[in-house]
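Based on the sequences and whatever the hints tell you, model everything.
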Amino acid sequence: DVKVTQSSRYLVKRTGEKVFLECVQDMDHENMFWYRQDPGLGLRLIYFSYDVKMKEKGDIPEGYSVSREKKERFSLILESASTNQTSMYLCASSVTLGWAPYEQYFGPGTRLTVT
Amino acid sequence: DQQVKQNSPSLSVQEGRISILNCDYTNSMFDYFLWYKKYPAEGPTFLISISSIKDKNEDGRFTVFLNKSAKHLSLHIVPSQPGDSAVYFCAASDGTSGTYKYIFGTGTRLKVLA
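Chains A and B, in that order, are what the protein sequence lines are. Residues 1 to 115, numbered by the working numbering, are exactly what the first sequence covers, in order. Residues 1001 to 1114, numbered by the working numbering, are exactly what the second sequence covers, in order.
Hint data in this document are derived by calculation from the structure and do not stem from the laboratory. In this text, a Cβ means the ideal position worked out from N, Cα and C, and glycines have one as well.
Among the chain B residues that face chain A by a calculated CB cut under 10 Å, a handful are: (1) Lys1038; (2) Glu1042; (3) Phe1089; (4) Ser1093; (5) Asp1094; (6) Gly1098; (7) Lys1101; (8) Ile1103; (9) Phe1104; (10) Gly1105.
Okay, structure coming up:
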């Protein structure tokens, strides 16, 4: 079974703090993704990576950055947390086999509250 | 601009009956589609997929139908069970883009009544 783990289930941070969210997958997947989920807005893609040290902006990258130094680990960084970044953050990974976009496997999520 | 739409935010169904969840998309380049189920405080779980070369895919109680001309897909759950109560997301991808990313809908909350 694919396992995607996220460093924290719940996190409370103050406005202006730098926040690190860590994600690790154990299936040697090439692709990794960070989403946020908000009521009525579904899952929105923040950043994704299809290889070590590679990153691509998703639909809502503003206020975020990412790091992928190792294949199994993908970090999301909030440089200066703001209250509008209070959300559920979900990490996912998927395999690359040819050109087909295979299903993504999700971690349990991190509920971040910025006060 | 929402490229993947789930216009019903919620749906209630009696146990044992059929649940039909709908999803519409606007981008004609989308050719891969997924359905996920999500319980509160958990990550989404993959349910079933379909590619544009098919119009139906079945897996146990779950069947996904794709109508390419209408840019519409639906998930049928038969028979519905109380454990199916969750939020369901559809997602679509353009396989020719080479990015492997999916666009998700806003979700439909299904409640199966015992």
